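Visitor: Build out the structure end to end from the sequences listed, making use of the hints.
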Amino acid sequence: MCLGVPGRVIAVEGDVATVDFWGVRKTVRLDVVDEPVAPGDYVLNHVGFAIRRIPASDIQATLALYEELLAAEDERDPMAADVAGELRGGGGGRP
Amino acid sequence: MTTSAFVPLRDPRRARALAEALSRLTSRIGRDPVSVMHVCGSHEQAIARYGLRATFPRALDVIMGPGCPVCVTDLPEVDEAVALASSGVRIATYGDMLRVPGTASSLAEAQAEGATIDVVYSVSQAVELARTSSEPLVFFASGFETTAVATAAALLGEPPDNFSVLSAHKYIPPVMEIVAEMPGNRVEGFLAAGHAATITGWGVFEPFVVRHGIPVVVAGFEPLDILAGLVRLLELVLEGRAEVSNMYPRCVTHEGNRRAQDTLWRVFRPAGGNWRGIAHVPSGNLRLRDEFAHADARRRFSIDLTSLWGHAPSPLVAQCLCGEIMAGTASPAGCALFGRACTPDAPVGACMVSSEGTCHIWHQYGGRPFLGGDS
Amino acid sequence: MSDRILLKHGAGGRAMRALIEQTFVQGAPGELPPGSVGLDAMDDGAAVRLGDRWLVVTADSHVVSPLFFPGGDIGRLAVSGTVNDLAMMGATEVVGLTCAVIVEEGFSRDTLERVVQSMRAASREARASIVTGDTKVMGRGEIDGLVISTAGVALTDRVVRDAGLHPGDRIVVTGTIGDHGMAVMSLRHDLGLEGDLASDVAPIGQLVALVLGRHGDAVHAMKDPTRGGVASALHEMAGKSGVGVVLDEASLPVRDEVRAAAELVGIDPLYIANEGKAILGVRADAVDAVVATLREHPLGRRAAAIGTCVVERQGTLVLDTGFGRRLVAELEGEPLPRIC
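Going line by line, the protein sequences match chains A, B and C. Residues 1 to 95 in the working numbering are what the first sequence lists, from first letter to last. Residues 1 to 375 in the working numbering are what the second sequence lists, from first letter to last. Residues 1 to 340 in the working numbering are what the third sequence lists, from first letter to last.
What the hints contain is simulated information worked out from the structure, not anything from laboratory work. Keep in mind the model is a prediction, meaning the values are calculated, not measured. Just so you know, even glycine gets a beta-carbon here, dropped at the ideal spot from N, CA and C. Where hints are given, some of them may not hold.
[To be verified] Residues of chain A clear of chain B, computed beta-carbon distances all greater than 12 Å: (1) Val12; (2) Ala38; (3) Glu68.
[Stated by the list, open to error] According to the in silico footprint, chain C covers these stretches of chain B (three or more CB under 8 Å from chain C): (4) 48-54; (5) 93-102; (6) 106-118.
Guide: So, in structure tokens, the structure goes:
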């Protein structure tokens, strides 16, 4: 349920933001998002409403969190160290 | 290319390390199968869409629970919408609801017989449609709390008088209780729906883990989010820790989105009701509060369902395993109807109904067949 | 089962094929010269053996709302659709096109003239001409605006079928996928999407002529992925040819805008319509040369090899996502925006 797609805010006017989704722009309502939204922020869009502001830095934080997870795994299993390295070194290319 | 920051979360090379961690954890737990459940159709969509099941270890059974609001929409709710549409009232609804079968017909079939039905992407569009005419317009609203928030915001935004809502919205936390208490269920941990939790906060699951002694992990929807969520869940299973872990902190906080919660509960109240294929779920339905009676289609129209009295349910319904499938005690492959008497084109049970029902997804994406290749 | 025709019966998927089979093909008398391709083949057109050549005939009806959309209009669509169906049979030497229009009372004359101008322009591009036509007017409300029905006739020395895939053949698409359907859908469902979404509608007879002229026998099968998209076209090709097809997701050419719009509305680009593209089944040793030739032409710049035919799982389509493999099922109805 709940198809949610993140996009980047281009402009904010009152309770409505113009959001860029990979080259497609769409207006998104800000009635229910709980933090002030500014251009440059990411928002999570669900049925035309922003339900969450996502600071851009949180994406990197997510990857760091997954690395930590594997690092904790490593401590239990030294064999896993090399795959954790693979995660860190994973290519950034678009699939 | 502005959302390219999310691209690493779809990188198959990065996923490999997580998939290997899943294998190690599964074998360390040592049971076959290790069963965990997610309660979100979008998780199943992403798992199927990206072919993630091919990366799961054989002994890990990831069950899709009752996480599809469209599937669990009860027959009488669809019947109400079809009856309104057939009586000449204009209906706007999400695309997901168009083909859901009711007792006698679906909205798509009602449309073929002359009813006016508009597919909208957002409740805002439905409000705009109402503004362009003086005729009544009913928004047939489906979805969990995430989607209900948008409906609530629209009702608080002073829609025109001819706009009303037929709510089939559902509230997910109560149904987890139902599933956890179902006899015969083997679920050792839950993967909770990240977007619903964006609204409710992960704190909503704390009483649940205490009561049932099984862990809950909140996870997002990119392939890496799902794999990482499962890795965390298996860690908790392995260590026997019944706690809530938030693996989707970029969207989910402990308290959730307070503003959205206020919006939701100002407009809706929880009510008991049947979830198709599951059971009666106390507080599982979201109905409009009395203050919004003027915008409640159930109170504004007398909806006449008498024409359905002659329709007996199909005898096949008795053989349908949807309830067992959503409880995790059966899989689509074990159902005699699956792919034969029950297909997306002619669904018998709830799980085949919507694009995110378990049976529908298995039918469309092939479940976990051996498809060759390295993976 | 419904006893009425629903929208899904025109959506390009299984329901449409079943309707055609049951209603139009079964029991139809067909007496064509030996070596011909008739109605029962359910290909893009018929090929009637005439001496040592084939006369290829195709028919097409066009309704689109709105009539004008970014990248094209109903007139360009009508000519392109017909010329492309002929080309998919290997027939790029067009003898002539016909054009029948049914117009609603009260329709703007100016708009009609714009549509006709657009048809002429597309015909010039396709090196084809409209040689005869018909006009009907119906009362207001009896028809929605404008319907164009076209037929095309062409000659060829070799017929290319949609059923000619062999195990080992590579699947080539002549450019980006999903452009037409996404551009029209974004207008139709009032999605409020802005950006460079534009239809790819174009006559591709010349592009096909270039490839067939240079690589002839290496092209084993062709089909245009219109309604129902690449997935539906490949299902049909694989089913008729008795092969399975494995697609490589990373190779699929999809414009960023289309990918994003499709993700927003929850629809897979593989199911979205194209109006200026072809799918080719190509002998494996010729695939690089075929792709290189396609890329020389302006309409084939983003041509790519996207998959391979296999012996296993005849009639099914499998997508390798990079994470793993999964089935791509047949389309069940018209693709609709979804929320979950």
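Visitor: Going through the numbered hints above, which ones does this structure break? Give me the numbers in ascending order.
Guide: 3
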